[in-house]
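Asker: Now that you have both chains on their own, put them together as the hints suggest.
The chain contents come next:
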Amino acid sequence: MRKRIRKKKMIEIIIVIALFAGMLLWIYPYLWMILSSLQPSDEIFKKFWPTHFTLRHYTFLFSTSERLERPFGRALMNSFLVAGSRTIGILFSSVIVAYALAKLKFRGRQLLFNVVLYQMLFPGVMFIIPLFVLMLKLRLVDTYPAMIIHALMSAWAIFLITQSFKTVPHDYIDAARLDGASEFWIVFRLMVPICKSIVSIVALFTFISAWDDFLWPLIVVKDYYKMPMAVLIACFKHEYTEEVGALLAASTLQTIPMVALFIIFRKNFISGITMRLK
Amino acid sequence: MKGKRKRRILRSKEGVIGWLFVFPYIGYNAIFWIFPFVWGFVLALSRWNYLTPRRFVGLKNFFRLFYDPVFLDCTRNTFNFMLYFIPSVLACSLFLAILLNRVKYFKGFFSLGFLLAYVSSGVAYSLTFSMIFADYGPINNFLFHHFNFTIPWFSSPQLAMLSIVIVVVWKMIGYYGMILLAGLQSIPESVYEAAELDGANSWTKFWKITIPLLNPAITTIMVLAIILSFGIFTEPFMITEGGPMRRTYSFMLMVYINAFSKLQAGYASALALVIAALSFSCVWVVRKLIEREVSLT
Numbered sequence: 000m001r002k003r004i005r006k007k008k009m010i011e012i013i014i015v016i017a018l019f020a021g022m023l024l025w026i027y028p029y030l031w032m033i034l035s036s037l038q039p040s041d042e043i044f045k046k047f048w049p050t051h052f053t054l055r056h057y058t059f060l061f062s063t064s065e066r067l068e069r070p071f072g073r074a075l076m077n078s079f080l081v082a083g084s085r086t087i088g089i090l091f092s093s094v095i096v097a098y099a100l101a102k103l104k105f106r107g108r109q110l111l112f113n114v115v116l117y118q119m120l121f122p123g124v125m126f127i128i129p130l131f132v133l134m135l136k137l138r139l140v141d142t143y144p145a146m147i148i149h150a151l152m153s154a155w156a157i158f159l160i161t162q163s164f165k166t167v168p169h170d171y172i173d174a175a176r177l178d179g180a181s182e183f184w185i186v187f188r189l190m191v192p193i194c195k196s197i198v199s200i201v202a203l204f205t206f207i208s209a210w211d212d213f214l215w216p217l218i219v220v221k222d223y224y225k226m227p228m229a230v231l232i233a234c235f236k237h238e239y240t241e242e243v244g245a246l247l248a249a250s251t252l253q254t255i256p257m258v259a260l261f262i263i264f265r266k267n268f269i270s271g272i273t274m275r276l277k
Numbered sequence: 000m001k002g003k004r005k006r007r008i009l010r011s012k013e014g015v016i017g018w019l020f021v022f023p024y025i026g027y028n029a030i031f032w033i034f035p036f037v038w039g040f041v042l043a044l045s046r047w048n049y050l051t052p053r054r055f056v057g058l059k060n061f062f063r064l065f066y067d068p069v070f071l072d073c074t075r076n077t078f079n080f081m082l083y084f085i086p087s088v089l090a091c092s093l094f095l096a097i098l099l100n101r102v103k104y105f106k107g108f109f110s111l112g113f114l115l116a117y118v119s120s121g122v123a124y125s126l127t128f129s130m131i132f133a134d135y136g137p138i139n140n141f142l143f144h145h146f147n148f149t150i151p152w153f154s155s156p157q158l159a160m161l162s163i164v165i166v167v168v169w170k171m172i173g174y175y176g177m178i179l180l181a182g183l184q185s186i187p188e189s190v191y192e193a194a195e196l197d198g199a200n201s202w203t204k205f206w207k208i209t210i211p212l213l214n215p216a217i218t219t220i221m222v223l224a225i226i227l228s229f230g231i232f233t234e235p236f237m238i239t240e241g242g243p244m245r246r247t248y249s250f251m252l253m254v255y256i257n258a259f260s261k262l263q264a265g266y267a268s269a270l271a272l273v274i275a276a277l278s279f280s281c282v283w284v285v286r287k288l289i290e291r292e293v294s295l296t
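Chains A and B, in that order, are what the protein sequence lines are. Under numbering that gives the first Met the number 0, the first residue of the first sequence is numbered 0, with each subsequent residue one higher. Under numbering that gives the first Met the number 0, the first residue of the second sequence is numbered 0, with each subsequent residue one higher.
All the given hints hold, so there is nothing to weed out.
In silico DSS-like cross-links for lysine-lysine, where the CA-CA straight-line distance does not exceed 30 Å:
#, chain 1, residue 1, chain 2, residue 2
1, B, K207, A, K2
2, A, K2, B, K204
3, A, K6, B, K106
4, A, K2, B, K106
5, B, K106, A, K8
6, A, K236, A, K45
7, A, K195, B, K106
8, A, K136, B, K59
9, A, K236, B, K261
10, A, K266, A, K8
11, A, K195, A, K266
12, B, K204, B, K106
13, A, K6, B, K207
Derived, one-sided and incomplete: chain B residues facing chain A with beta-carbon distance under 10 Å:
#, residue
14, E13
15, W18
16, F20
17, I30
18, W32
19, F34
20, V37
21, V41
22, L95
23, S120
24, Y124
25, I131
26, N140
27, Q184
28, F229
29, A264
Keep in mind that the hints were calculated from the coordinates and are not lab data. Glycine included, every Cβ here is placed at the ideal spot set by N, Cα and C.
For reference, chain B alone in the conformation it holds in the complex (with noise of 0.2 Å):
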């Protein structure tokens, strides 16, 4: 009876210690998570440049966002961008993981000289990029001096995208490389042993039970992958300035320059909105055409 009753005062002094602790979370999130949620929503529906009152103004906001040229050309930017990054970065990254787990010595060290590209800053090295890439620079150099021409990587409409893509992909291949080897290291070698006693030649082995056992991996990639694209910002920012011809203007840019320059609070606050509707949507679609489960036992 005694310690059935100190059992429950234990019980409930740890309840409140428990509340105790979670106070602030609760309490700092209330501030600096659920009031700017709402006041998103507020936003978007209203008309503010930061200084005179703030007006209501309904869905105007959402109406005027599709008929923006700028906002169209944002979409398009940014499904280009997926349309060359995916599929470029997963190859890279696959073939890099496939490389690096056939290797016995050096392992180490070559993920470490692939994962420096990731740490790197990204105004540091899109600054540095803008200058190897450019019209003087150290590539173009090299092109004219033996094969007499030169890329005008970053100037031409046509090019610029792809040569931000090859920066991104420069820096993400290490960190999807290494995911990607961990997804690899997991399949046992069993496995493919069963398959070799079958007469499995290499090319379906890989792509019967590589690929197929990787699903996690690449489902994880893609993910990541999309929400990158839907977020980008300091390399056109910083590179091109969402030139030329606004080839290169991403979402995070137009937000930016709504919110910011142009000081239209609202219409940015919708545009916010719009784009994150957009990338989950992505993502979920994404997710349900080809997240498979995959056991190993």
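Here chain A stands alone, though its shape is the one from the complex (with noise of 0.2 Å):
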């Protein structure tokens, strides 16, 4: 029995091992991108751990590449006004919508949710070129609201929270509003503080993805100045490509914001992924 107990162990012990192995191995992309950018120039494909420290390239990349008209310090806040703008929209927009689609009675209100569940199933190719023409039509090409406008409401969004919001009990409801509460203090006030944290999962998720977003504002913005930090990096890498520290301290910047948001949210982004299974 004894023996069994120790074997137990033994594989546990290997096992963690093995995994602890297997996370450096993992996360040897991130650190090899952090350390060459802050290495010198010419020790970027030879060392791995840096002689000296050294900011050189992240110098160049808010003085330097300024005047080369290549802006990485406004495409940083380019990334977050769009990504920032993005998730605001969202939240706001799928909070409204899920609660009248949850708890207000009215007519066709299950045909809409049909609606909102097939909306999901379309692959995002099939729209990529008509919204191009619709922002052309709308004059909004290489301008922010084109890489905004055109993701204010998801699908996604609105369903998850209507399943969630169908949890609140309705008494709830009814005593706010015999205490005389309008219908958006009900939402805002009442609902979304039940629900948090299912809302903060959408938040989540919807400003990584916009941050990430690479494809959309490639096509939409030319112009160095409103790019967001994706769409510059990629064209920096076309132009200057030896330029390969500025480079890697570009990506280090453009990774740093969804790792920290990942570290401090890190319960809800795990239940956010478990929740696909349901």
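Answerer: Have a look at this one:
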């Protein structure tokens, strides 16, 4: 019996070691990216750990590249602006629509809910070109709204929030109405706080996917001063391939906000992933 | 009588508010969903470069597609990608989930480490990998110093797609592993205990209990992986630009180049519709083949 327990313990130790090794292998690209961005240019492909650290590549991004008309500081702000406004837009709209779909009784509600479900089935590739044509017609190409306006509502967000609003007891709403609360008050002061975790999961995933969005801004923005980080890095790579250090520094800057968000909200993140199953 | 009437008024008031609340949704989707949806089909049937008047050409775009060698290459590449990607990502993430399920300590720490790859941004990690796997990059340096050979990861036509698969597997394992881990944790211990009493060894337990009961999770992952395979863009765009010898030319790259470099909006729209249909039917076939009803009670 004791032998068996010892064997079990041994196995667990081996698994922990294996997982630890695997994890190191998995974060190696990150480490390499960060360390190389802090290295003098001539060492980048030769050493893993720099002989001395330098912020030269970062200062390059914020000063020299500005003069080359490749403004990375501004691109970072643009990324925050675009991802932030898309997240706020989606949260605001889907909370209101989800409340109507989950708690208000009106004709055609079920039909509308089915529309939301079917909307999720269609792949994005079908919409790229016609949406670009729409942006052309609205004369929005090469502006900030072009990167934001097409993604202010999301069937996925509405669906998730509706499902969670449905679990809120109806008595709460009736009680709030008896106290003279307006419908907007009910949505933002009652429903959202109760379903806080789902709402923050939606916010987190929306922000991360908007931050990582590459194809759409690549299509609609040609002005270097309006590009988000991802597009500016791609353009810079095509034009200045030999500036490896600066490219890696820019990549690090683009990765850090997402990693920070992920580490802060890791609990919500993991429950958001496992929700895919249901 | 009075109460009933009041309730009806309340009802109709609720109906009005309900419609007011969903009206923005309907309006917005009329502009940004239905309009592009219909316009996509119209474009697919016409010839247009965004500037000169549009010309109706019927199904010509679709016929042209099937004689286009680039389209055939893309189809081959996508299925090639799926052939490498789906088995390897399933095996690796299942392995990860099983290991994570067996450790008591550091579970959160390890899942965090593997999920870190998933939140990395597409452009940044493509760039990093293109340097790590470069001919003069750290991996080839290491191989050259210790074993005296190098691997042409992204420059050999045979290896390029496999290398991209490695990158995407690196990214997705944490995510798919979490889905599988949730599936594993939902399997009650009593099922295994009952099997042990019947004398099942761990091999039988794995194939007869774990895999069948994980079916919903595995189906989810297969569907996600197929959709990903048809939509892959950033990695080939940043790392190989479709090369060498068009071996990593993906469907999305073809749409992008046709629509926005060659300005063939009609042709690219027809292509987009065909891609959507293809990915849809792949998902449908896979669901028909592997999806089973599972109940744990």
